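Chemist: Spelled out from the first residue to the last, the chains are:
Number of protein chains: 2
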Amino acid sequence: MRIESVDFFYLSMPEITLEADGSQDALLVRATGGGFEGWGECEASPLVSIAAFVTPRSHGVCQPVAASVLGQTLDEPADIRRIAALVERNSMDLLQAAHTFSGVEMALWDLLGKARGEPVWKLLGYDRAYGKSPYASLLFGDTAQETLEAGKAAVARGFRAIKFGWAGFGEGSVDRDAEHLHAAREGLGPDGHLLVDAGQIWVEDVEAAAARIPALEAVRATWLEEPFQASAYGAYGQLAKRSGTVKLAGGEGAHNVHMAKHLIDFGGVGFIQIDCGRIGGIAAAKAVADYAVGQGVAYVNHTFTSHLALSASLQPFAGLRDSRICEYPAAPKALAVDITREHLLPDGNGEVHVPDAPGLGMTVDLDRLKPYQRSVEIRVADQLLYSSPVIS
Amino acid sequence: MRIESVDFFYLSMPEITLEADGSQDALLVRATGGGFEGWGECEASPLVSIAAFVTPRSHGVCQPVAASVLGQTLDEPADIRRIAALVERNSMDLLQAAHTFSGVEMALWDLLGKARGEPVWKLLGYDRAYGKSPYASLLFGDTAQETLEAGKAAVARGFRAIKFGWAGFGEGSVDRDAEHLHAAREGLGPDGHLLVDAGQIWVEDVEAAAARIPALEAVRATWLEEPFQASAYGAYGQLAKRSGTVKLAGGEGAHNVHMAKHLIDFGGVGFIQIDCGRIGGIAAAKAVADYAVGQGVAYVNHTFTSHLALSASLQPFAGLRDSRICEYPAAPKALAVDITREHLLPDGNGEVHVPDAPGLGMTVDLDRLKPYQRSVEIRVADQLLYSSPVIS
Numbered sequence: 202m203r204i205e206s207v208d209f210f211y212l213s214m215p216e217i218t219l220e221a222d223g224s225q226d227a228l229l230v231r232a233t234g235g236g237f238e239g240w241g242e243c244e245a246s247p248l249v250s251i252a253a254f255v256t257p258r259s260h261g262v263c264q265p266v267a268a269s270v271l272g273q274t275l276d277e278p279a280d281i282r283r284i285a286a287l288v289e290r291n292s293m294d295l296l297q298a299a300h301t302f303s304g305v306e307m308a309l310w311d312l313l314g315k316a317r318g319e320p321v322w323k324l325l326g327y328d329r330a331y332g333k334s335p336y337a338s339l340l341f342g343d344t345a346q347e348t349l350e351a352g353k354a355a356v357a358r359g360f361r362a363i364k365f366g367w368a369g370f371g372e373g374s375v376d377r378d379a380e381h382l383h384a385a386r387e388g389l390g391p392d393g394h395l396l397v398d399a400g401q402i403w404v405e406d407v408e409a410a411a412a413r414i415p416a417l418e419a420v421r422a423t424w425l426e427e428p429f430q431a432s433a434y435g436a437y438g439q440l441a442k443r444s445g446t447v448k449l450a451g452g453e454g455a456h457n458v459h460m461a462k463h464l465i466d467f468g469g470v471g472f473i474q475i476d477c478g479r480i481g482g483i484a485a486a487k488a489v490a491d492y493a494v495g496q497g498v499a500y501v502n503h504t505f506t507s508h509l510a511l512s513a514s515l516q517p518f519a520g521l522r523d524s525r526i527c528e529y530p531a532a533p534k535a536l537a538v539d540i541t542r543e544h545l546l547p548d549g550n551g552e553v554h555v556p557d558a559p560g561l562g563m564t565v566d567l568d569r570l571k572p573y574q575r576s577v578e579i580r581v582a583d584q585l586l587y588s589s590p591v592i593s
Numbered sequence: 202m203r204i205e206s207v208d209f210f211y212l213s214m215p216e217i218t219l220e221a222d223g224s225q226d227a228l229l230v231r232a233t234g235g236g237f238e239g240w241g242e243c244e245a246s247p248l249v250s251i252a253a254f255v256t257p258r259s260h261g262v263c264q265p266v267a268a269s270v271l272g273q274t275l276d277e278p279a280d281i282r283r284i285a286a287l288v289e290r291n292s293m294d295l296l297q298a299a300h301t302f303s304g305v306e307m308a309l310w311d312l313l314g315k316a317r318g319e320p321v322w323k324l325l326g327y328d329r330a331y332g333k334s335p336y337a338s339l340l341f342g343d344t345a346q347e348t349l350e351a352g353k354a355a356v357a358r359g360f361r362a363i364k365f366g367w368a369g370f371g372e373g374s375v376d377r378d379a380e381h382l383h384a385a386r387e388g389l390g391p392d393g394h395l396l397v398d399a400g401q402i403w404v405e406d407v408e409a410a411a412a413r414i415p416a417l418e419a420v421r422a423t424w425l426e427e428p429f430q431a432s433a434y435g436a437y438g439q440l441a442k443r444s445g446t447v448k449l450a451g452g453e454g455a456h457n458v459h460m461a462k463h464l465i466d467f468g469g470v471g472f473i474q475i476d477c478g479r480i481g482g483i484a485a486a487k488a489v490a491d492y493a494v495g496q497g498v499a500y501v502n503h504t505f506t507s508h509l510a511l512s513a514s515l516q517p518f519a520g521l522r523d524s525r526i527c528e529y530p531a532a533p534k535a536l537a538v539d540i541t542r543e544h545l546l547p548d549g550n551g552e553v554h555v556p557d558a559p560g561l562g563m564t565v566d567l568d569r570l571k572p573y574q575r576s577v578e579i580r581v582a583d584q585l586l587y588s589s590p591v592i593s
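Going down the list, the sequences are from chains A and B.
Numbers 202 to 593, taken from the working numbering, label the letters of the first sequence in order.
Numbers 202 to 593, taken from the working numbering, label the letters of the second sequence in order.
In short, the hints are calculated from the structure, not lab data.
Careful: at least some of the hints might be erroneous.
[Said to hold, decoys possible] Pulled from the structure, derived: some chain A residues nowhere near chain B, Cβ distances all over 10 angstroms:
id	residue
1	Glu244
2	Arg258
3	Glu350
4	Asp466
5	Arg479
6	Ala558
[Stated by the list, open to error] To give an idea of the interface, some chain B residues facing chain A are shown, with a C-beta separation under 7 angstroms as derived from the structure:
id	residue
7	Ala253
8	His544
9	Val577
Predicted model, so just to flag it, every value in this text is computed and none were measured.
C-beta: ideal position from N, C-alpha, C; glycine also.
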């Protein structure tokens, strides 16, 4: 088939706060071809990502993403990798292109899977899919007591692993952070996996990060995530040598496969966390998963938004038996819940399963999304370059 | 003073070809405060970069660039670094932010320099500025004969160093490339610096790049630039060990200081090439220059557009005596020429000098740019988010 159209739906909660909560808006992507449609989601600024698809070209290697996608043949997985290479070449100098293409690429896998009647993880070469143990992704509370209660509430919902992050962690005193860490462990109970996300707060200050290691070890944290700026491999590498029983985790900021490999090779992370909505899509994420396996590093998805993004993010490591933990958006905004009709709920063993259905196995309910849509209109030199599709 | 306004001017030639010629369009930035105005230029997709300045926020660390710039205090160089850190934090998940901020940051230095009556290079801490030997940046010809003639024409204009690149180099046979390389050397004559730019053509294929080394050595090329994708440090590092008398050069794709340092540390480049219009501006480029000096690596600007961009790109290494070569846009489109009233022409010794005048020392001639302007209008949810300033 040929890729006939690619549409974007910019969806948003009525109010966007300054929380580090990526589920407050969404950029859905719909691709059509051969009578089928596929869906994807960019984990990125919606307006800027749309602009990168439709912008006039600046020169031969600063072309809009659309130039490498629309009208292309799509019959097999190799076509998606070919299109990705085209985007990388033709949009080399368009920084936002990787974020835009990530959602488009997902939609192409979904489209191809639907046309072929196969789940994406089978198209990626896996024979079977393993269940994953979800961890609840939560923000730290304003007080240690709130952190404790949030932990208890997640346990009551069945979670046996929790990640706490952001919301001031690392910005105040070491003692304050230790207090929250002990509260988190108390809320989770003695047995569960406790994961901690610093959200790049120390930029590249190794000493500031190292000062938190004793408390992290005391509460038996499994990992310390994103202590530093996404590309600060030197700082990662230094901290990795001083982090004792606590492994480093990172990778959500990777917008290409190289960056993720560097974090493994130079940064010494024990867990590589990939967001399919940023790294260039599902095939790019699969390439990282393959590399991680060879290096003895565990692959983990990064997903904070919808169950469409969750399904996409489970595909690249569905068949990896030893990468058992998956991020699970535990407190998303209503918008993120409403994006799909189906939801990937934990089974009786507390495990989450990638859908065994064509494509990504999710149905997008456009009617339900109408109230969330923010229509976009872009004109350049008085020509209408982009206008959001109307949900009828 | 306070930063009162930031405006963008999207300028374009009437037709944009698929040449790898970044001077076909431009995004000028004007910042005002305290009765002064400063100018900068993003080397980036204009529409997408504007969108990154004005987009609605997605969450706390996916905010528009404007949120970290407008209304900020600007009285000394430290303010610009503080604002840059704000952008890095608040726009962490907005990929295009670095490209947008690069032009804004330049405009802030120009503004500060004008307000203080000092050239930017002095504000950066240099006591004196050294002349630089410009090389002409040219595209290879379609035929070897055209390459030869282009070389001769540049020599006739006084250039003693030429860089040839793109236009099919590396895409065909090794013999075809060798033919062009010999033609280039013949056109330049036996003594000049011959530089070669592969434009990432081999992605990360070390063997394909290594196959061209004998011809590059035969014509005594000073450097081989961008053999690989900007982040393929592993491939760079491997080729660096096999490149004989030819040094590797790269860095124009760096959109933060980390990436440039990695290319030095892991990629083994002998020349680090920084585009102030992409890396986050002049202070980011200066940080790379400082690091390069310590590692025995030569700093070179990457500039293919206007003399505003050229002035900005000379500031970060103006005071480095040992970094002597500068890229010089030798065949820019009319638009790039028309952006500034002044032009940095080589002196009697063939050297180019950074202006010894307040700020960047260049005057933007808006009236002359009117025919090039492409007006942009962006609406989200029926609200006008952005409308280009009218050149009156």
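Chemist: Which constraints among the numbered hints does this structure fail? Numbers only, ascending.
Modeler: 1, 2, 4, 5, 8
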